[in-house]
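*Asks:* Each chain, letter by letter, is given below.
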Amino acid sequence: MQAQNKIIWLFVLLALIFIAVYASKSENSGEKNGETVKIGFIGPLSGFAAAWGEEMRDVVEIAREEINTSGGVNGQALEIIYEDGKCGPKDALSAAQKLITVNKVKILLVICGQEALAVAPVAERNQVLMMSMWATHPDLTGAGEFIFRNSYSDDDTGRVMAETINKKYGKVAVITETSDFTVGLLKAFKKYFQGEVIEENYPPGTTDFRGYVLDVISKKPETVVMNPNAPLGGISALRQLRQLGYKGPIYGNYFGELEEVIEISEAEGMIFFADPNVGNNQIKSELFHKFESLYGRAPTIKFADAVTYDSVYMIKQAIDNVGLDNSKLKDYLHSLKDFKGVMGTYGFDENGDAIGLLPTVKQIVNGKAVLYTQP
Amino acid sequence: MPYLIHLAILVGIYGILGLSLNLVVGYTGLLSVTHAAFYGLGAYATAILLTSTGLNFFVALLLGVLITSVLALLIGLVLSRFHGDYYALGSFGFNIIIYSVFLNWQSLTRGPLGIPGIRRPEIFGLNLTDNFHFLLLVLAILLLVYFLCRFIVNSSFGRALRAIREDEQALQVFGYRTTFYKLIIFVLSAALAAVAGSLFASYITFVDPSSFVLFESIFILAIIILGGLANLRGSLLGALFLILLPELLRFVGFPSDIAAQMRQVVYGLILVILMLYRPQGLVGEYKL
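Protein chains in written order, with my numbering: chain A, 770 to 1144; chain B, 224 to 511.
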């Protein structure tokens, strides 16, 4: 027993030495070979959001490939180091510490809201430039000088929702899934909506919505807003709402854009607030064409793909212009207003949030999602 | 080495969690799967107090411990009516209840949005924003917790706990009020978990309900089962092992498109192999 214990402690010691040696070795090599520009990528590569994280990684790979074949960044090759953050604060922080310390990364791409909020203070303290593409978490606004968000905030969506609905109705029921994205949306909506809001919240994974729906109907709202995070729950709720006799108008969040939602009869006439419109330019068609031919499948989260692709090019453009100096890079990005990418011509505001990415309002008419204009 | 310091801090926090859970599971033989709930209570109490008031970190920590202890007392009173497998299932339920409270009491916890911007502790005017200083604090607290646990298990109280684990009825025959013993150690263990929670909240500076799901309880249980039940050094060893192993696997050099999946697979495989060949854990003295 005693001997065995010693062996185990020895093993632990060896593992520690291994990490230490490996870490310090890559540290030195990083200093020696300055011929690559390193960018760290932290996203959900495993776990519940892995499908999204992987698609965004594939898009980053396309951008890297293109940049490197056309001469690289500032004359150096671009290298992307991918780490799994599992869409959670703890794993993301471990990944960030590893990338910043061991790989000596000066620029980070971070996907999820929870990841971004945990990594932002560390990035700011180490003057590491951080760009987030998926996080719509309202608290990320103003998280630091080195923190950028190439996306819109839930606050924007809530405002557009409230303004659109306010013009017609005064009493609205919102059926919300308790996830960070949808609760953020509800909060913003309540902030800007001037009428009465009936809140109905359900936990993730709910399939039977009759109780929630009957409660909503009994309170006689003028309209109902569907605010799900997981599409499946939203579809069930929508179906049960109609089946139980609700006849009024329905609004919805992003989920109205999904094929599975558009094709069901209950969704007909629903007005929803989708991701910002991905522009109709040449860069876009080239990107998505390349994606399909490379990976053999159609992109599913086009907006996220678009801003991810743009983010890599924004960073490249910034480095090409001011060199690899983070304090200059952040000033450059803050003053960047005319970047031309998949999402059109845009830039950042003084908080590091992208300007001009506003959600689009659409309606499902005859089984198709079309742009909605207020009558 | 900020990366190693970061890992050391995590090992320290999970070490405290392992030590405290071992008191209940390893020494007393109560299979509790609700530790993440107390961990979360401590974290949330500290997070809310630090972001909404100007309290000192240590005051917030103590208040968090107090709140957690009171709740643990109530939960422990209910749980003391269960035995064996039913105890595990009952404790299981409490984890889910507390998680739902974090998720749904939005006016207090901000629900799934979480609480960002939690302050770091200050000692004598020294703000522990430097991770190395924070590590020293974690190590100091870990050491305190370790010696407290060692004191408990070596005392007559600790012997009574082990006797409860082996044969509760026999102990009752001798006139021991075993429910009382079980309750005390349960509350104490929860209080220590709350300390770990406080440290976690102010270290990560962001808490959200997803950090305190049932899976986290199972992870902490895995730490002590792998490290060894009823062995304090085993808890520390387990924490070291389970935190470092997935990090070690970052350096193996899998191709980047399957790296994340391979890490999970290899991690799981190593755990299965370990349990097959060392069912008592690395240095365990008791088997479930």
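Source of the hints: derived by calculation from the structure; they are not laboratory data.
Keep in mind it's a predicted model, so treat the numbers as computed, not measured.
Using N, Cα and C, we set each Cβ at its ideal position, and we do this for glycine too.
Among the clues, some could well be false.
Said to hold, decoys possible - Pairwise CB distance ranges (calculated):
1. A:Thr1069 - B:Pro478: 19 to 27 Å
2. A:Thr838 - B:Pro478: 17 to 25 Å
3. A:Leu782 - B:Phe397: 24 to 32 Å
4. B:His356 - A:Thr1069: 19 to 27 Å
5. B:Glu508 - A:Arg979: 21 to 29 Å
6. A:Arg979 - B:Val495: 37 to 45 Å
7. A:Thr976 - B:Val396: 46 to 54 Å
8. B:Ser330 - A:Lys988: 33 to 41 Å
9. B:Ser330 - A:Ala999: 21 to 29 Å
*Asks:* If a hint holds in the structure, say so; if it does not, say that too.
*Replies:* For each hint, the structure was consulted:
{"no.": "1", "hint": "A:Thr1069 - B:Pro478: 19 to 27 Å", "in the structure": "holds, 23 Å"}
{"no.": "2", "hint": "A:Thr838 - B:Pro478: 17 to 25 Å", "in the structure": "holds, 20 Å"}
{"no.": "3", "hint": "A:Leu782 - B:Phe397: 24 to 32 Å", "in the structure": "violated, 44 Å"}
{"no.": "4", "hint": "B:His356 - A:Thr1069: 19 to 27 Å", "in the structure": "violated, 45 Å"}
{"no.": "5", "hint": "B:Glu508 - A:Arg979: 21 to 29 Å", "in the structure": "violated, 53 Å"}
{"no.": "6", "hint": "A:Arg979 - B:Val495: 37 to 45 Å", "in the structure": "holds, 42 Å"}
{"no.": "7", "hint": "A:Thr976 - B:Val396: 46 to 54 Å", "in the structure": "holds, 51 Å"}
{"no.": "8", "hint": "B:Ser330 - A:Lys988: 33 to 41 Å", "in the structure": "violated, 21 Å"}
{"no.": "9", "hint": "B:Ser330 - A:Ala999: 21 to 29 Å", "in the structure": "holds, 24 Å"}
The structure shown violates the earlier hints numbered 3, 4, 5 and 8.
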